[in-house]
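Heads up: the sequence shown begins at 1 in UniProt numbering, then just goes up one per residue.
Simulated from the structure, these hints should not be mistaken for laboratory data.
All figures in this text were calculated on a predicted structure; none of them were measured in a lab.
Mixed in with the good hints, there may be bad ones.
[Claimed, not checked] Ranges between beta-carbon positions, derived for each pair:
#, residue 1, residue 2, range
1, A233, L135, 34 to 44 Å
2, L94, T138, 17 to 27 Å
3, T237, L99, 31 to 41 Å
4, L136, V229, 27 to 37 Å
5, L80, L263, 35 to 45 Å
6, R244, L136, 39 to 49 Å
7, L74, A197, 15 to 25 Å
Glycine is no exception: its CB is placed at the ideal position from the N, C-alpha and C atoms.
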Amino acid sequence: MPPGLSELAPLAWPHAPWLLLLAVLVSFLAGVVRGFAGFGYSALVVAALSPFVPPGPVVVAVLVLEVLASLRVLRQAGPLMDRGWRDALLGGNLLFVPLGMAGLAWLDPGVVRVVVAALLLAGALGVRLVIGRRLLATASLRATAAASSGLLNGFAASGGIVAALLMAATGMPAATLRATMINLLMWISAYALLWGAALSFVGRSPLFGAQALGWLLLLWAPLLVGMRVGGRAFERTDARRQARLVLDVLIGAAALGLLVACLARPA
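Can you build the whole structure from these sequences, using the hints too?
Right, dumping it as structure tokens:
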């Protein structure tokens with residue numbers, strides 16, 4: 001490689017070459033899940049990449065991608081969504097997203113990697129216990145879903161998975177769940193981005209900047225292709241099997257992420 005290009009290469013991609021391939025593959029597979037179920041993209045991408053890179057810029061990138069992905073199908077999803085659940089979850093996110101974003105901006109990146117993976121794993125395992133059972137859509141269940149969704153969305157851009165699977169546990173039809181999540185993710189992702197922009201000026205770990213833009217450009221095309229593949233498969237898949245598949249993938253990714261993050265921490 002010519003000397004000039006060799007000096008510019010680390011600026012264009014400051015990470016190991018294998019991480020570039022991993023990011024593209026993860027974005028595609030998570031995009032399949034997003035097109036298939038209406039949720040899960042952020043949780044899978046953050047769980048897979050946060051052990052290897054500072055999670056802040058990745059979280060910002062996937063939040064932008066969630067907004068763009070929802071805008072593509074918002075008109076079709078509108079008539080099918082459950083407005084009661086959507087409004088309850090929006091309220092919880094208004095209150096708890098700022099707390100999650102504050103932790104993301106001020107905590108040490110190494111600590112954030114461990115905490116993000118641990119929260120994802122604990123949440124996924126907890127929700128896995130109720131798959132196959134039918135819960136009543138009580139006010140307390142909606143409040144729990146709203147609070148956990150807001151906190152995890154601010155901290156790891158991954159609260160949608162908890163909200164979606166709790167809704168699925170109430171027996172909500174797959175098409176309604178998918179439409180509700182598409183609409184919800186657009187609004188809460190945009191809200192989290194506003195808080196991230198404000199906290200970037202006072203936190204110790206910058207959330208916005210060239211790194212976030214780089215991740216956005218890298219992950220966007222694989223997401224589009226994955227969503228197209230997942231969307232075509234949606235009509236042919238049973239709703240309960242769909243929820244189990246997404247959750248099992250998340251459990252595996254979060255467990256691996258937690259292991260790698262813990263091993264990477266200094267003794």
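Ascending list of hint numbers which this structure does not respect: 1 and 6
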